[in-house]
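K.L.:
Protein chains in written order, with this note's numbering: chain A, 1 to 234; chain S, 1 to 220; chain Z, 1 to 471.
Don't take each hint at face value.
Below are the EDC-like pairs computed for lysine to aspartate or glutamate, each with C-alpha atoms no more than 20 Å apart in a straight line [said to hold, decoys possible]:
hint, chain 1, residue 1, chain 2, residue 2
1, A, 135, A, 107
2, Z, 202, S, 80
3, A, 171, Z, 395
4, Z, 357, Z, 403
5, A, 135, Z, 449
6, A, 171, Z, 374
7, A, 135, Z, 53
8, A, 135, Z, 374
9, Z, 357, Z, 381
10, Z, 202, S, 123
11, A, 171, Z, 446
12, A, 135, Z, 381
13, Z, 357, Z, 106
14, A, 171, Z, 449
15, A, 171, Z, 106
16, A, 171, A, 182
17, A, 171, Z, 179
18, Z, 202, Z, 112
19, A, 171, Z, 53
20, Z, 357, A, 174
21, A, 135, Z, 51
22, Z, 202, Z, 53
23, A, 135, A, 85
24, Z, 202, Z, 110
25, A, 135, A, 174
26, Z, 202, S, 121
27, A, 135, A, 154
28, Z, 357, Z, 16
29, Z, 202, Z, 168
Here are some of the chain A residues that sit facing chain Z, going by a computed Cβ distance under 7 Å [said to hold, decoys possible]:
hint, residue
30, 7
31, 31
32, 35
33, 58
34, 115
35, 117
36, 128
37, 132
38, 171
39, 174
40, 179
Just so you know, the hints here were simulated from the structure itself, not pulled from any lab data. Only a predicted model underlies this, so the values are computations on that prediction, with no experimental measurement involved. Using N, Cα and C, we set each Cβ at its ideal position, and we do this for glycine too.
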Amino acid sequence: MRIALFVTCVNDTLYPGTGRAVVRLLRRLGHEVDFPAAQTCCGQMHFNTGYRADAAPLARRFADTFDDYEAVVVPSGSCAAMIRDWYPTLGVEPPTGVYELSEFLVDVLGVTDVGAYFPHTVTYHPTCHSLRMLKVGDRPLRLLRAVRGIDLVELPGAEECCGFGGTFALKNADVSAAMGADKVAAVRRTGAEVLCAADNSCLAHIGGALTRRRAGVRALHLAEILAATEGDAR
Amino acid sequence: MNSRAVNSSAVNSSAVNSRDRVLARIDAIVPPRPAAEIAAGRAAIERDYLRRHSTGDVLDLLADRIAHYRATVRRVTPAELPGAVAARLAGRVYAVPEGLPRAWLARADPARLVEDPPVADLDALDGAVTGCAVAIAETGTVVLDHGPGQGPRALTLVPDRHLVVVEAARVVADVPEALERLDPARPLTFVSGPSATSDIELSRVEGVHGPRTLDVLVVA
Amino acid sequence: MTGSMPTYLGMPSFPEAAREAVGDTLLRRNLAHATGTIRARRAEAVAELPDWERLRGSARQIKDHTLAHLGHYLRLLEERVTGAGGTVHWAADAAEANAIVAALVEATGETEVVKVKSMATQEIGLNEALAEAGITAYETDLAELIVQLGDDRPSHILVPAIHRNRAEIRDIFRRAMPDAPAGLSDSPAELAEAARRHLRAKFLSARVAVSGANFAVAETGTLVVLESEGNGRMCLTLPRTLITVMGIEKLVPTFADLEVFLQLLPRSSTAERMNPYTSMWTGATEGQDFHLVLLDNGRTDVLADEVGRQALRCIRCSACLNVCPVYERAGGHAYGSPYPGPIGAILSPQLRGVGSKVDASLPYASTLCGACFEACPVAIDIPEVLVELRARAVESARHPLTDAAMAAAGWTLRSPARLALAQRAAGRFRRLTPRRLPGPLRAWTDTRDIPRPPPESFRAWWERTDGGRRP
Numbered sequence: 001m002r003i004a005l006f007v008t009c010v011n012d013t014l015y016p017g018t019g020r021a022v023v024r025l026l027r028r029l030g031h032e033v034d035f036p037a038a039q040t041c042c043g044q045m046h047f048n049t050g051y052r053a054d055a056a057p058l059a060r061r062f063a064d065t066f067d068d069y070e071a072v073v074v075p076s077g078s079c080a081a082m083i084r085d086w087y088p089t090l091g092v093e094p095p096t097g098v099y100e101l102s103e104f105l106v107d108v109l110g111v112t113d114v115g116a117y118f119p120h121t122v123t124y125h126p127t128c129h130s131l132r133m134l135k136v137g138d139r140p141l142r143l144l145r146a147v148r149g150i151d152l153v154e155l156p157g158a159e160e161c162c163g164f165g166g167t168f169a170l171k172n173a174d175v176s177a178a179m180g181a182d183k184v185a186a187v188r189r190t191g192a193e194v195l196c197a198a199d200n201s202c203l204a205h206i207g208g209a210l211t212r213r214r215a216g217v218r219a220l221h222l223a224e225i226l227a228a229t230e231g232d233a234r
Numbered sequence: 001m002n003s004r005a006v007n008s009s010a011v012n013s014s015a016v017n018s019r020d021r022v023l024a025r026i027d028a029i030v031p032p033r034p035a036a037e038i039a040a041g042r043a044a045i046e047r048d049y050l051r052r053h054s055t056g057d058v059l060d061l062l063a064d065r066i067a068h069y070r071a072t073v074r075r076v077t078p079a080e081l082p083g084a085v086a087a088r089l090a091g092r093v094y095a096v097p098e099g100l101p102r103a104w105l106a107r108a109d110p111a112r113l114v115e116d117p118p119v120a121d122l123d124a125l126d127g128a129v130t131g132c133a134v135a136i137a138e139t140g141t142v143v144l145d146h147g148p149g150q151g152p153r154a155l156t157l158v159p160d161r162h163l164v165v166v167e168a169a170r171v172v173a174d175v176p177e178a179l180e181r182l183d184p185a186r187p188l189t190f191v192s193g194p195s196a197t198s199d200i201e202l203s204r205v206e207g208v209h210g211p212r213t214l215d216v217l218v219v220a
Numbered sequence: 001m002t003g004s005m006p007t008y009l010g011m012p013s014f015p016e017a018a019r020e021a022v023g024d025t026l027l028r029r030n031l032a033h034a035t036g037t038i039r040a041r042r043a044e045a046v047a048e049l050p051d052w053e054r055l056r057g058s059a060r061q062i063k064d065h066t067l068a069h070l071g072h073y074l075r076l077l078e079e080r081v082t083g084a085g086g087t088v089h090w091a092a093d094a095a096e097a098n099a100i101v102a103a104l105v106e107a108t109g110e111t112e113v114v115k116v117k118s119m120a121t122q123e124i125g126l127n128e129a130l131a132e133a134g135i136t137a138y139e140t141d142l143a144e145l146i147v148q149l150g151d152d153r154p155s156h157i158l159v160p161a162i163h164r165n166r167a168e169i170r171d172i173f174r175r176a177m178p179d180a181p182a183g184l185s186d187s188p189a190e191l192a193e194a195a196r197r198h199l200r201a202k203f204l205s206a207r208v209a210v211s212g213a214n215f216a217v218a219e220t221g222t223l224v225v226l227e228s229e230g231n232g233r234m235c236l237t238l239p240r241t242l243i244t245v246m247g248i249e250k251l252v253p254t255f256a257d258l259e260v261f262l263q264l265l266p267r268s269s270t271a272e273r274m275n276p277y278t279s280m281w282t283g284a285t286e287g288q289d290f291h292l293v294l295l296d297n298g299r300t301d302v303l304a305d306e307v308g309r310q311a312l313r314c315i316r317c318s319a320c321l322n323v324c325p326v327y328e329r330a331g332g333h334a335y336g337s338p339y340p341g342p343i344g345a346i347l348s349p350q351l352r353g354v355g356s357k358v359d360a361s362l363p364y365a366s367t368l369c370g371a372c373f374e375a376c377p378v379a380i381d382i383p384e385v386l387v388e389l390r391a392r393a394v395e396s397a398r399h400p401l402t403d404a405a406m407a408a409a410g411w412t413l414r415s416p417a418r419l420a421l422a423q424r425a426a427g428r429f430r431r432l433t434p435r436r437l438p439g440p441l442r443a444w445t446d447t448r449d450i451p452r453p454p455p456e457s458f459r460a461w462w463e464r465t466d467g468g469r470r471p
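Next comes chain A alone, as it looks inside the complex:
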């Protein structure tokens, strides 16, 4: 199977550890991934803010870059949803086989136990686009539950939006911050050391509010927990 990684512009630029974790994880599971260097951004920010003329060339670039692969793994629920659900609106046919990370692991590779070890208390925020557009369901939780050493605690009001919403966080900063504050309070009530999600944009928002409050909770992408092994703990 020819697998490509679409790392996303946010991960590429700000969270390279997430991309490295995906590579390491898939390699451990016996799969090599390509990183086509022509990739940039899925166009979600432009599209969601109404800048379709700027989003369209990014969508075309994505389609051209990834057309030849059987599977494209995307460690971001909202980018995967953008590609699969919105590209047709831009007149771009998305390549078949675009998967959010948890979908790829559970549905394509058929694994839930990826051999990870992560001895920490973790709570999981499902993120809206994974939940409601991709409908990934409990796939991320099934993957997390199979991680050795993990203490997975339920996040109250997990399905409620964190308030990020792309440019919403700037245009409607007060409501965004109020939603973020409530999410932070919910995370702190769990007593978790780590907040996990499969989208670093949401994690930047919640994580940024957590560190601003010196909450002592780390925000970590799902891929990084799934890539962790005993070797890391030593």
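With chain A's structure known, arrange chains S and Z on it following the hints.
P.N.:
Relative to chain A, chains S and Z alone:
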């Protein structure tokens, strides 16, 4: 009563033009199609939802669902009905609509029954006793079509109590079956429990303008 | 025919209005409590029907079919209502509708009307228009009464006084309801009882009523009103003249179609299997004069938009408001319209255009989280319409700051080389990443830290290590 007279004096010519303007605008956006095509489009609408949700005993379900609304509900045999009606009416003055089976009232105190009262008198009465056209088990709903034995709409609205006798044959399992049995040319009132409101903090409270007590007797 | 909705003059933009609401802890508590209560109950009521998604699909198709043949079904409705002794009036906009209703009331010689809660008459500002004509309109729905007595504005479609808690309602009643009982407590039952006494005489003496409609059945001419309190039945039944104002999109083709909506609406709205009372009538009933006013007021503009058209499927259940995290924090008033929440964010700018500050800001009043779409019983894809309206706004006007930022980002992202260059620059200056950003970006750093750029981007790492195969 002449509604035309009110109409002709009230409506100016711009409103008449508005009809044509609005319809012309609509026709320009969604152009008219032949009737057969519209009918075919309507027939193509998927209706794969369930005709009924419950397969169990409809009378049990009806009683359960009505009770859920904090109405009183009791199942009685035809022989028990007159006694049960009399017990519900006890000591109070009730309106009785034309066409209500007299047997239902055999044990009631006739001095406390008012036959077909005018609307103006209703506020002074304690309640009204009626039959119904249909009852829907799934939703605990009693439907009046205001035919014989049910009275005009005000009869079961103004007094504070409403006693409904539901004959088993009038009970259907679910909403689709109920609509099949009803005649839209008649005025219809669907009653699901006593008057209520959720307007204060979105929590349900029973009892506002309609009857605050709903008694239901299911006869089988 | 562009609509107009009066009364919200000088409304600030959504973010501005929301800022105030977010700071109002009492309002936040009231809204969180009320929406929290209804969310859980709605989920239960919906879960009870295993065919919910199929009902939803049918409802969507019935509404879309009706809208696709709207002229046909409106003419049919008109014919059937007229045939049953009713009179049909057409209003292109709010002013026409208000004039028709005022003239109909004047023709009866009455100076008072009782009203059933109706979104259409809120939208056209009927009460204010009637007042100008010397006619007093009495709202009879409990929440509308609270709003009217409190000289307030509605903040929710179903429960217009949702922003008030029981203690505030008691205070309003004590202050503005002349016959409020001495020692009225804040128990909801006592408050409901006070409203019952207050309005009873009004119902019994009223000669004219004004209502809206939840549905109208084209093939039979039947009008349908769903309610809870019995005030609707009072208004629809007791007065001699009944005037119903209804948007032209409220149609369903057949009586049997109601079987879908009577299952969807109560569960979505009040989380009940069925609402306490539903009234249906066809034409002039039990000796009444019946007038039906069909209202456009911008609806044909919405119909003309192939993406936005789906907003006309709306059955005003409020489920989207109740599940919306933005509504919960901003409150209904921030939307500057009788239609608040997610549906308001797509409906108001379409009905009124985007000429005002608030209407221009509404398409952005959402994180696109999709909770509204998921809850909508007629499957209106609200995020899709919001994004469409945003695109329309970008195409039709300049927004200097955002345009420049988006153009710069677009230019960078169209080329991997330019992206890599930007990443290297960010990495080089990472130690200088400020805790607070200037200008519009301050909105982020006021409450959140910003991620510090890594020394090396993913693509740089990949190139340097051949995807981790070289150390």
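K.L.:
Given residue 171 (chain A) was flagged as interface, is its beta-carbon under 7 Å from a beta-carbon of chain Z?
P.N.:
The hint holds - residue 171 (chain A) has a Cβ within 7 Å of chain Z, the shortest such distance being about 5 Å.
K.L.:
Is it true that the CA of residue 135 (chain A) sits at most 20 Å from the CA of residue 53 (chain Z)?
P.N.:
holds, 15 Å
K.L.:
Given residue 7 (chain A) as an interface hint, is the shortest Cβ-Cβ distance to chain Z below 7 Å?
P.N.:
At 5 Å from the nearest chain Z Cβ, residue 7 (chain A) passes the 7 Å test, so the hint holds.
K.L.:
Would you mind confirming whether the straight-line C-alpha gap from residue 171 (chain A) to residue 446 (chain Z) stays at or under 20 Å?
P.N.:
Cα-Cα ~13 Å, so holds.
K.L.:
Given the hint that residue 171 (chain A) pairs with residue 179 (chain Z), does the C-alpha gap stay at or below 20 Å?
P.N.:
violated, 47 Å
K.L.:
Min Cβ distance, residue 128 (chain A) to chain Z: is it shorter than 7 Å?
P.N.:
holds, 4 Å
K.L.:
Would you check the hint for residue 135 (chain A) and residue 449 (chain Z), treating anything up to 20 Å between C-alpha atoms as holding?
P.N.:
It is violated: about 30 Å lies between the C-alpha atoms, which goes past 20 Å.
K.L.:
Is the straight-line distance between the alpha-carbon of residue 202 (chain Z) and that of residue 168 (chain Z) 20 Å or less?
P.N.:
Between residue 202 (chain Z) and residue 168 (chain Z) the Cα gap is close to 24 Å, so the pair fails against 20 Å, i.e. violated.
K.L.:
Given the hinted pair residue 357 (chain Z) and residue 174 (chain A), is their alpha-carbon gap at most 20 Å?
P.N.:
The given pair, whose Cα atoms are some 18 Å apart, holds under the 20 Å limit.
K.L.:
Verify the interface restraint on residue 179 (chain A): the C-beta must sit less than 7 Å from at least one C-beta of chain Z.
P.N.:
holds, 5 Å
K.L.:
Check whether the Cα positions of residue 202 (chain Z) and residue 123 (chain S) lie no farther apart than 20 Å.
P.N.:
This hinted pair holds, its Cα atoms lying about 13 Å apart.
K.L.:
Given the hinted pair residue 357 (chain Z) and residue 403 (chain Z), is their Cα-Cα distance within 20 Å?
P.N.:
Satisfied, since the Cα-Cα distance of roughly 18 Å is no more than 20 Å.
The structure fails hints 2, 5, 6, 9, 13, 15, 17, 19, 22, 25, 29, 31, 34 and 35 (numbered hints given earlier, in ascending order).
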